[in-house]
Amino acid sequence: MNTKFSAEERKGWMSLLASADEVRLAELWQEYGADPACEWLRAPEAGGVMVRGRMGGSGASFNLGEMTVTRCALSLEDGTVGHGYVQGRSKAKAGMAAKIDALMQTGAAAGLSTAVLEPLAAERKARKTARAAKAAATKVEFFTMVRGED
Amino acid sequence: MYVAVKGGERAIDNAHAWLAEERRGDTDVAELSYAQIREQLSLAVNRVMAEGSLYDPDLAALAIKQSRGDLIEAIFLIRAYRTTLPRFGYTLPVETGEMACDRRISATFKDAPGGQVLGPTFDYTHRLLDFKLAADGEVPEAPVADPRMEATPHIAEFLQGEDIIEREPSSDAVPGDLTREPMSFPAGRAVRLQSLARGDEGFILGMAYSTQRGYARNHAFVGELRIGTVPVEIEIPELGFAVEIGEVELTECETVNQFKGSKTVPPQFTRGYGLVFGQSERKSIAMALVDRALRWEELGEDNLGAPAQDEEFVLSHADNIQATGFLEHIKLPHYVDFQSELELVRKLRHEAAELAETLAAREAAE
Amino acid sequence: MPQQLQNTAYVGGLSNPPVVSAQAFRAAMNAMARPGRTEEINGAIPPDGISVAAGSLLLTLCDPETGVYLAPDVDSEVLRGWLAFHTGAPIVAAEQADFALGSWAALTPLDRFRIGTPEYPDRSATLIVEVPGFGAPNAVLSGPGIKDAAKMALPDLAAFQNNTLLYPLGVDFFFTCGTQVAALPRSTQISAEA
Chain D
1 MNTKFSAEER
11 KGWMSLLASA
21 DEVRLAELWQ
31 EYGADPACEW
41 LRAPEAGGVM
51 VRGRMGGSGA
61 SFNLGEMTVT
71 RCALSLEDGT
81 VGHGYVQGRS
91 KAKAGMAAKI
101 DALMQTGAAA
111 GLSTAVLEPL
121 AAERKARKTA
131 RAAKAAATKV
141 EFFTMVRGED
Chain B
1001 MYVAVKGGER
1011 AIDNAHAWLA
1021 EERRGDTDVA
1031 ELSYAQIREQ
1041 LSLAVNRVMA
1051 EGSLYDPDLA
1061 ALAIKQSRGD
1071 LIEAIFLIRA
1081 YRTTLPRFGY
1091 TLPVETGEMA
1101 CDRRISATFK
1111 DAPGGQVLGP
1121 TFDYTHRLLD
1131 FKLAADGEVP
1141 EAPVADPRME
1151 ATPHIAEFLQ
1161 GEDIIEREPS
1171 SDAVPGDLTR
1181 EPMSFPAGRA
1191 VRLQSLARGD
1201 EGFILGMAYS
1211 TQRGYARNHA
1221 FVGELRIGTV
1231 PVEIEIPELG
1241 FAVEIGEVEL
1251 TECETVNQFK
1261 GSKTVPPQFT
1271 RGYGLVFGQS
1281 ERKSIAMALV
1291 DRALRWEELG
1301 EDNLGAPAQD
1311 EEFVLSHADN
1321 IQATGFLEHI
1331 KLPHYVDFQS
1341 ELELVRKLRH
1351 EAAELAETLA
1361 AREAAE
Chain C
2001 MPQQLQNTAY
2011 VGGLSNPPVV
2021 SAQAFRAAMN
2031 AMARPGRTEE
2041 INGAIPPDGI
2051 SVAAGSLLLT
2061 LCDPETGVYL
2071 APDVDSEVLR
2081 GWLAFHTGAP
2091 IVAAEQADFA
2101 LGSWAALTPL
2111 DRFRIGTPEY
2121 PDRSATLIVE
2131 VPGFGAPNAV
2141 LSGPGIKDAA
2151 KMALPDLAAF
2161 QNNTLLYPLG
2171 VDFFFTCGTQ
2181 VAALPRSTQI
2191 SAEA
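Chains D, B and C, in that order, are what the protein sequence lines are.
Mapping of the first sequence onto my numbering: position 114 corresponds to residue 114, and the numbering continues sequentially without gaps.
Mapping of the second sequence onto my numbering: position 2 corresponds to residue 1002, and the numbering continues sequentially without gaps.
Mapping of the third sequence onto my numbering: position 118 corresponds to residue 2118, and the numbering continues sequentially without gaps.
It should be emphasised that the hints constitute simulated quantities derived from the structure, not laboratory data.
Take the hints with a grain of salt, since some may be wrong.
Said to hold, decoys possible - Which stretches of chain D does chain B cover? Using the computed rule of at least three CB atoms under 8 Å from a CB of chain B, they are:
hint	stretch
1	19 to 31
2	38 to 51
3	82 to 96
4	135 to 143
Said to hold, decoys possible - Listed next, the in silico DSBU-like pairs over lysine-lysine satisfying Cα-Cα at most 30 Å (straight line):
hint	chain 1	residue 1	chain 2	residue 2
5	B	K1132	D	K134
6	D	K128	D	K139
7	D	K139	B	K1110
8	D	K125	D	K139
9	D	K134	B	K1260
10	B	K1331	D	K139
11	D	K4	D	K134
12	D	K139	D	K11
13	B	K1110	B	K1331
14	B	K1331	B	K1065
15	D	K128	B	K1110
16	B	K1065	D	K91
What the hints assert, rightly or not - Ranges of calculated distance between the beta carbons of each label pair, as one might list FRET restraints:
hint	chain 1	residue 1	chain 2	residue 2	range
17	C	T2179	D	G33	39 to 47 Å
18	D	F5	C	K2151	37 to 45 Å
19	D	W40	C	T2179	17 to 25 Å
20	B	D1123	D	V146	22 to 30 Å
Backbone N, C-alpha and C fix where the C-beta goes; we use that ideal spot for every residue, glycine too.
Take the sequences, apply the hints, and build the full model.
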């Protein structure tokens, strides 16, 4: 059941799923087609986490405020455990994330990655690039007009 | 005397029904969806998230709709909702140095690496009402340029090289959390920053302005102001590693403040810090100024008796939900309290009148 | 963790947490309010060696902000994993614990645990003592929550009496066996059964 994957890779896909747009994720998940049977180990529950910042951006930490998070855990029929931790309050999104997390640990990983994760990652990158391009257009180009000498 | 009274249920129900109708307004005008509020009144949404101390744009937009645009009422709704959420844990500190910046400016260094990026700012607008917006305005497309994808370093890092600015000591200490432990004084900088970050924008602005007008002036420059998104990571106990659980938009301000030095420290620049949920630059600059003013003791400066230097004063009055709760409760029935005051004043008046009569009678007799 | 061990950690949580934890909390509260009386408590199925009552108390009372001390006789990789998944509670030393779990022999001496401060008597530990049963009473209890007198089997008398002397400071106890829980708050006076 378990295929080889590193904690770093798992962290990568869980992170991608956490901030994915729910509508888009549902679309890709539906297109992927398979919806394996599973059992809840922890039914989806919404809660909060306290976000911390650093004094001066680099120093000791302090509590900034909370954000909403929904989490769940499930196991596939073969016993593989999947976790979903996603931003916001959508139980459906947490459930999809947990199923994908579980399947990514199985032989289904390659197909699922192509069908769901790669499009999500590409779209995320495109979104970020588009924003950065707009920011870049507002960068100030200074030019010196006259330098006074007297 | 204590008299318990009941009643008013029907009046209250009817008042709430009318409130719902008034909230909707003229039904010939299209209803607002919370998504419209989230997308088109995003700075109001940001303020509700910052002061409600809960990052969730959908909830904040709903709260604004429910409160008819009364932002303090909306913040109240968010604070109340927040208490119903189980706390899953604390995130790793967000790394603002890694921020994907929409805006990043420095008032101290023209040629800061990464440049002066204005972002979607109100600055340099003429503050003239734009009647095109009233007439179903078309959205012009924002121009684009070559994107810069690498992280933008903090300005303070450059000054640190010369030791000309104080260093922010790192620490593994668990920061105090005012949502868990009642505030006590001295509160310490971590709790101060938490309190300021969720404090009322108007109050923090007023306090910051007072320092600029001379009440504990600390000569602040905006070393850097940045707005953008950062990923948020949390350690998952059952996995044994940290994963990203989402992204938040933040506004960060770091001020560079003149400091003439103390017995142990040579003259150097000191720092004030502001960090706020969402795009909220007025609040973050104000927060940095007040943070710096509150640091007088740890920097060995004089207490000038200025309000912004008084930690107990600032932190105890910064929270608009505490303030409005106490303020507005005095409009609720105090019939019994007032009855006793009324009787007291009547009695005093009666005694005063009797005394006057006695004196008048005595005078007449003489 | 190996997969099998990992999966043991994930099972046995509260099936419907809002309802089940409220029922368990009610049982815990009633037990604490009526010292010496046993209450039914269930909902959790903890790893082998831990009673349903103790497991249900832990899942009801603990969260990421409560430090749990596991005495050597109950501490195991499996239990730690189970607690981490279902509560997120950090495992701490006895001196920092908000809650502690173990047999009476493994939890003593009691002076390791926090007893609160005069300003905050609540900053003290609550001990969950796994007992073999609620057998023949050897102690007579009186005080708040007890109309005249209650009787209870305690694993020791002197240690509990000394704890009572610390009032309003001190630790509080739950006793667990199977699906039953009884409690002994610091406010209860204890004397030997005549």
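Are the Cα atoms of K125(D) and K139(D) separated by 30 Å or less? 21 Å, holds
Is the Cα-Cα distance between K1132(B) and K134(D) 30 Å or less? Given that 30 Å is the threshold and the Cα spacing comes to 23 Å, the pair holds.
Do at least three Cβ atoms from the stretch 135 to 143 of chain D come closer than 8 Å to Cβ atoms of chain B? This one holds; 7 residues, not fewer than the three required, reach chain B with a Cβ under 8 Å.
K1331(B) paired with K139(D) [C-alpha distance capped at 30 Å]: Answer violated: K1331(B) to K139(D) is near 52 Å, above 30 Å.
Supplied distance hint 17 to 25 Å, evaluated on CB atoms of W40(D) and T2179(C): 23 Å, holds
Chain B covers the stretch 38 to 51 of chain D, three or more CB atoms within 8 Å, holds or violated: Check passed, 7 qualifying residues.
Sort out whether K1110(B) lies within 30 Å of K139(D), counting only the CA atoms. 12 Å, holds
Does K139(D) pair with K11(D) here, judged by a C-alpha cut-off of 30 Å? Violated. K139(D) to K11(D) sits at ~34 Å, over the 30 Å cutoff.
Is it true that the C-beta distance of T2179(C) to G33(D) lies inside 39 to 47 Å, as the hint says? Taking Cβ atoms as reference, T2179(C) and G33(D) lie about 45 Å apart, which means the hint holds.
If you check the beta carbons of D1123(B) and V146(D), does the distance land in 22 to 30 Å? Distance hint for D1123(B), V146(D) holds at roughly 25 Å.
Please verify the coverage claim for the stretch 82 to 96 of chain D: does it have three or more residues whose C-beta sits within 8 Å of some C-beta in chain B? holds (count 6)
Please work out if K1110(B) and K1331(B) have their alpha carbons no farther apart than 30 Å. Distance of about 53 Å is beyond 30 Å: violated.
Figure legend: structure checked against the earlier numbered hints; hints not met, in rising order: 1, 9, 10, 11, 12, 13, 18.
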